[in-house]
Amino acid sequence: MGEEHYLDNDEKSVVIVMTSGPSTAHRCATPFYIGSILASMDSDVSVFFTMEGALLAKKGVADNLTAMKGGKTILEFIRDAKIAGVKFHLCKPAMPGYEIEVDDVIPEINEISNASKLADLILSCDKALFF
Amino acid sequence: MECNGCEFRPELYYDDQYQIWVRREEDGTFTIGMTDISQSIAGKILHVRVRKPGTLRPNGKPVATIESGKWAGPVPNVFDCVIVEANHTVLEDPNLLNIEPYEAWIARVKPSGSIEDSLSVLVSGDVAQAGYCERTQRDDIHCERGAR
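So the sequence lines, in the order shown, correspond to chains S and P.
Sequential numbering of the first sequence, starting at 14, is according to the working numbering.
Sequential numbering of the second sequence, starting at 6, is according to the working numbering.
Bound-form chain P, shown alone (with noise of 0.2 angstroms):
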């Protein structure tokens, strides 16, 4: 489904501001990426750095850092983790997470806590679809993808 030409995929976990998605794993890892909404705003994206594997984030801690030409900042982390691995295809091709934003992620990690404990700070389902979509209107983002 779309909010103003934002993908939003139902089956993810998000952030409060819907900058990032996070797909739950069978072997306890989370997967995280940027959503449509985040490289929409970042626009062309041009260089991608992950914390290296190992390495413990702290909430609110970002796992990487995100730099395009008009826009420079973290990808947020909002529980507890280790850095297990980074997506060499993404990293040594940035422009990936502005064609498709949720196949292309970017790092994964393996939360401290529990999986259900790191869970319960990330919403989902109708309350994530109903958030997501208000983001979009209540800051005008329309969504593009592919900006080169």
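Next up, chain S with everything else stripped away, as it sits in the complex (with noise of 0.2 angstroms):
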């Protein structure tokens, strides 16, 4: 029988730094895809939204979005990870570029956060990630 398919990994902290956006679309899915298992392994798993990974957090974007033809929406993504325990920010600095308002923002967003915020959980985390 292979180790391999037994988990024995202590809790981590990851923290998942999304700036890819609609312009990248292929690179949109995996970032929740793998916050969705690193969730379901013990993880505390935040993503923050960025740069232009900001405007996936925009009512009307991600469910629109797909990373390939015919495939999942990126919403739908974002929703399995949030359902699997990941915490998704929003980069406040980033909203007026993307000329996002409070009010725009999906209900999947957990907080609204400066960056410095970001800047505590890269301090913080056993692992940041970049997508």
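Take the hints with a grain of salt, since some may be wrong.
[Stated by the list, open to error] Heads up, simulated DMTMM-like pairs for lysine to aspartate or glutamate below, C-alpha to C-alpha not over 25 angstroms straight-line: (1) LYS85(S) / GLU149(P); (2) LYS57(P) / GLU121(S); (3) LYS66(P) / ASP21(S); (4) LYS115(P) / ASP23(S); (5) LYS100(S) / ASP21(P); (6) LYS95(S) / ASP85(P); (7) LYS82(S) / GLU72(P); (8) LYS66(P) / GLU24(S); (9) LYS115(P) / ASP21(S); (10) LYS57(P) / ASP116(S); (11) LYS66(P) / ASP76(S).
[To be verified] Restraint ranges, calculated between C-beta atoms of paired labels, are given here: (12) PRO109(S) / ARG150(P): 47 to 57 angstroms; (13) GLU124(S) / GLY65(P): 20 to 30 angstroms; (14) ASP98(P) / ASP23(S): 22 to 32 angstroms.
Hints listed in this document are in silico derivations from the structure and should not be mistaken for laboratory results.
As the structure is a prediction and not an experimental result, all values here were calculated from the model.
Yeah, the Cβ is synthetic: ideal placement off N, Cα and C, and Gly gets one too.
Reassemble the complex: the two chains are provided individually, in unrelated frames, and hints are given to aid placement.
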């Protein structure tokens, strides 16, 4: 029996910094997929939407975007990750540049956060991933 | 019986979202698997990983993770338990979960509390049947077997 089938990791904290957005849709599904797996493995996972990634948190964007033709929408990947326990932060300083109002933000976002929150997350986490 | 083509087994216990089924065994352990609803939502399952035997799993901490081509997530756990064993046949061939979800169990666990307390957080019988059908209708889930 292969040991690779068993999970024995300790709890870790992981930050996924999501900078990809609609202009590179093919990069927008996997970060949420890996976030779902990490959360399922007991990791404390936060996704921080910033730069063009902030647009994924705007209503009407992720639900009309797929990473590949005929695939699930990015919003569905975001919801799967949310169900698995991933927490979502939206970068407040990025919002004006992408014309995102608070009322435009999808309900899956847990917190609209300042850049210092991202700094805290990065400095305190075990692993940081950038997409 | 079926709801939207999703098989329901009346002798089993379920979580309130009908993601997992639980069977009470004579030795005091519980066997856990995915429902027909869950395997259909996941699509072809490519990988299953289970916590090592002897690992304590508190309420809310998954017993396993599932990966398919379009979905990744936990096999949830709704009571405190310890992993007793994994189904090696399923670990080696996860697609069995798509073919026979009620035969292809994932893990066997021992509840940390009393059997009655653990079962009290699950639903069964007519309540489970009604809830299972309501879930398939509410989320427009139509089950398919054997996704490859």
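Task: Distance restraint hint 22 to 32 angstroms, applied to the beta-carbon atoms of ASP98(P) and ASP23(S) - done: Given about 29 angstroms between the Cβ atoms, the range holds.
Task: 25 angstroms Cα cutoff - pair LYS82(S), GLU72(P) - done: Status holds; Cα separation ~20 angstroms.
Open item on the list: Check the hint pairing LYS115(P) with ASP21(S) against an upper bound of 25 angstroms on the C-alpha distance.
Closed with: 18 angstroms, holds
TODO: Would you mind confirming whether the straight-line C-alpha gap from LYS85(S) to GLU149(P) stays at or under 25 angstroms?
DONE: Roughly 18 angstroms separates the two Cα atoms, so the pair holds.
TODO: Look at the Cβ atoms of PRO109(S) and ARG150(P) and judge whether their distance stays inside 47 to 57 angstroms.
DONE: 50 angstroms, holds
Open item on the list: Does the beta carbon distance between GLU124(S) and GLY65(P) stay inside 20 to 30 angstroms, or does it fall outside?
Closed with: 21 angstroms, holds
TODO: Would you check the hint for LYS95(S) and ASP85(P), treating anything up to 25 angstroms between C-alpha atoms as holding?
DONE: 23 angstroms, holds
Task: Hint consistency between LYS57(P) and GLU121(S) [alpha-carbon to alpha-carbon, up to 25 angstroms] - done: 32 angstroms, violated
Task: Agreement of LYS66(P) and GLU24(S) with the hint, judged by alpha carbon distance not exceeding 25 angstroms - done: 11 angstroms, holds
TODO: Below or equal to 25 angstroms on CA atoms is what counts here, so check LYS57(P) against ASP116(S).
DONE: 45 angstroms, violated
Open item on the list: Given the hinted pair LYS66(P) and ASP21(S), is their Cα-Cα distance within 25 angstroms?
Closed with: Cα-Cα ~13 angstroms, so holds.
- [ ] Mind checking the alpha carbons of LYS100(S) and ASP21(P) for me, to see if they're no more than 25 angstroms apart?
- [x] 23 angstroms, holds
The structure fails to meet hints 2, 10 and 11 from the earlier list, while all remaining hints are met.
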